[in-house]
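Visitor: The listed protein sequences correspond, in order, to chains A and B.
The opening residue of the first sequence carries number 1 in the numbering used here; numbering runs sequentially from there.
The opening residue of the second sequence carries number 1 in the numbering used here; numbering runs sequentially from there.
If you're looking for bench data, these hints aren't it; they were derived computationally from the structure.
All figures in this text were calculated on a predicted structure; none of them were measured in a lab.
Heads up, some of the hints might be wrong.
Straight-line alpha carbon distances no greater than 25 Å define the calculated DMTMM-like cross-link-like pairs of lysine to aspartate or glutamate that follow [stated by the list, open to error]:
id: 1; chain 1: A; residue 1: Lys1; chain 2: B; residue 2: Glu22
id: 2; chain 1: A; residue 1: Lys42; chain 2: A; residue 2: Glu3
id: 3; chain 1: A; residue 1: Lys1; chain 2: A; residue 2: Asp39
id: 4; chain 1: A; residue 1: Lys1; chain 2: B; residue 2: Glu59
id: 5; chain 1: A; residue 1: Lys68; chain 2: A; residue 2: Glu3
id: 6; chain 1: B; residue 1: Lys79; chain 2: B; residue 2: Glu59
id: 7; chain 1: A; residue 1: Lys42; chain 2: B; residue 2: Asp85
id: 8; chain 1: A; residue 1: Lys42; chain 2: B; residue 2: Glu22
id: 9; chain 1: A; residue 1: Lys111; chain 2: A; residue 2: Glu17
id: 10; chain 1: A; residue 1: Lys108; chain 2: A; residue 2: Glu56
id: 11; chain 1: A; residue 1: Lys42; chain 2: B; residue 2: Glu59
id: 12; chain 1: A; residue 1: Lys108; chain 2: B; residue 2: Glu100
id: 13; chain 1: B; residue 1: Lys80; chain 2: B; residue 2: Glu22
id: 14; chain 1: A; residue 1: Lys1; chain 2: B; residue 2: Glu100
id: 15; chain 1: A; residue 1: Lys108; chain 2: B; residue 2: Glu26
id: 16; chain 1: A; residue 1: Lys68; chain 2: B; residue 2: Glu100
id: 17; chain 1: A; residue 1: Lys68; chain 2: A; residue 2: Glu56
id: 18; chain 1: A; residue 1: Lys111; chain 2: A; residue 2: Glu3
id: 19; chain 1: A; residue 1: Lys111; chain 2: B; residue 2: Glu100
id: 20; chain 1: A; residue 1: Lys108; chain 2: A; residue 2: Glu3
id: 21; chain 1: A; residue 1: Lys111; chain 2: A; residue 2: Asp39
id: 22; chain 1: A; residue 1: Lys68; chain 2: A; residue 2: Asp27
id: 23; chain 1: A; residue 1: Lys108; chain 2: B; residue 2: Glu59
id: 24; chain 1: A; residue 1: Lys1; chain 2: B; residue 2: Glu26
id: 25; chain 1: A; residue 1: Lys111; chain 2: A; residue 2: Glu56
id: 26; chain 1: A; residue 1: Lys1; chain 2: A; residue 2: Asp27
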Amino acid sequence: KQEVTQIPAALSVPEGENLVLNCSFTDSAIYNLQWFRQDPGKGLTSLLLIQSSQREQTSGRLNASLDKSSGRSTLYIAASQPGDSATYLCAASRLYSGAGSYQLTFGKGTKLSVIP
Amino acid sequence: SQTIHQWPATLVQPVGSPLSLECTVEGTSNPNLYWYRQAAGRGLQLLFYSVGIGQISSEVPQNLSASRPQDRQFILSSKKLLLSDSGFYLCAWTRGWETEAFFGQGTRLTVV
Chain A
1 KQEVTQIPAA
11 LSVPEGENLV
21 LNCSFTDSAI
31 YNLQWFRQDP
41 GKGLTSLLLI
51 QSSQREQTSG
61 RLNASLDKSS
71 GRSTLYIAAS
81 QPGDSATYLC
91 AASRLYSGAG
101 SYQLTFGKGT
111 KLSVIP
Chain B
1 SQTIHQWPAT
11 LVQPVGSPLS
21 LECTVEGTSN
31 PNLYWYRQAA
41 GRGLQLLFYS
51 VGIGQISSEV
61 PQNLSASRPQ
71 DRQFILSSKK
81 LLLSDSGFYL
91 CAWTRGWETE
101 AFFGQGTRLT
111 VV
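The task is simple: from the sequences and hints, build the whole structure.
Guide: In structure tokens, the structure reads:
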């Protein structure tokens, strides 16, 4: 069974700092890995999707990397801003052929606070 | 562009009452649809998924059921709510098994 862990659970940084959020998964047979942002009381906003054949994806100040062999992904945020404050979730996807089911397994998230 | 709608945004229901949460997707056809629940301090848990009209798969045995009466409509239901059904319910869609997942804004359900 896939398990996804995100460390740290919470992070507080001053504005302008570069930061890295970590995500680890136990089963390397993933289809893709996706990073989401969740604001309090809101749904999830997709940030970046990394296919299993890729090593990284970039969007603006965000860069996500994937190392399947070590079961790790990182989300790098450059020049952090107060508006980046939110909970960041990573999710690993896999199709379980035996059960015929698709599973997107989420970590519990890292709550980021960017202090002005 | 594609959009996903969920309603209601918040709901307070007494124990034993029925439940119906609705999710619709616009701008695409034959999406894979999912219902997730997010409980406080826990990760998102997949409840149901559907690959087509009338096709529902359940991941976790529970007091809930799902239906897909139309291609882009996904409904989460319960005949009698339990206190443990409280949580944040999220609907999501993908274009296939391997593609990006998009989520609705969620429904905060409180069972009292």
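Visitor: Hint by hint, work out which the structure violates, then give me just those numbers in ascending order.
Guide: Of the numbered hints given earlier, those the structure breaks are 1, 3, 15 and 24, listed in rising order.
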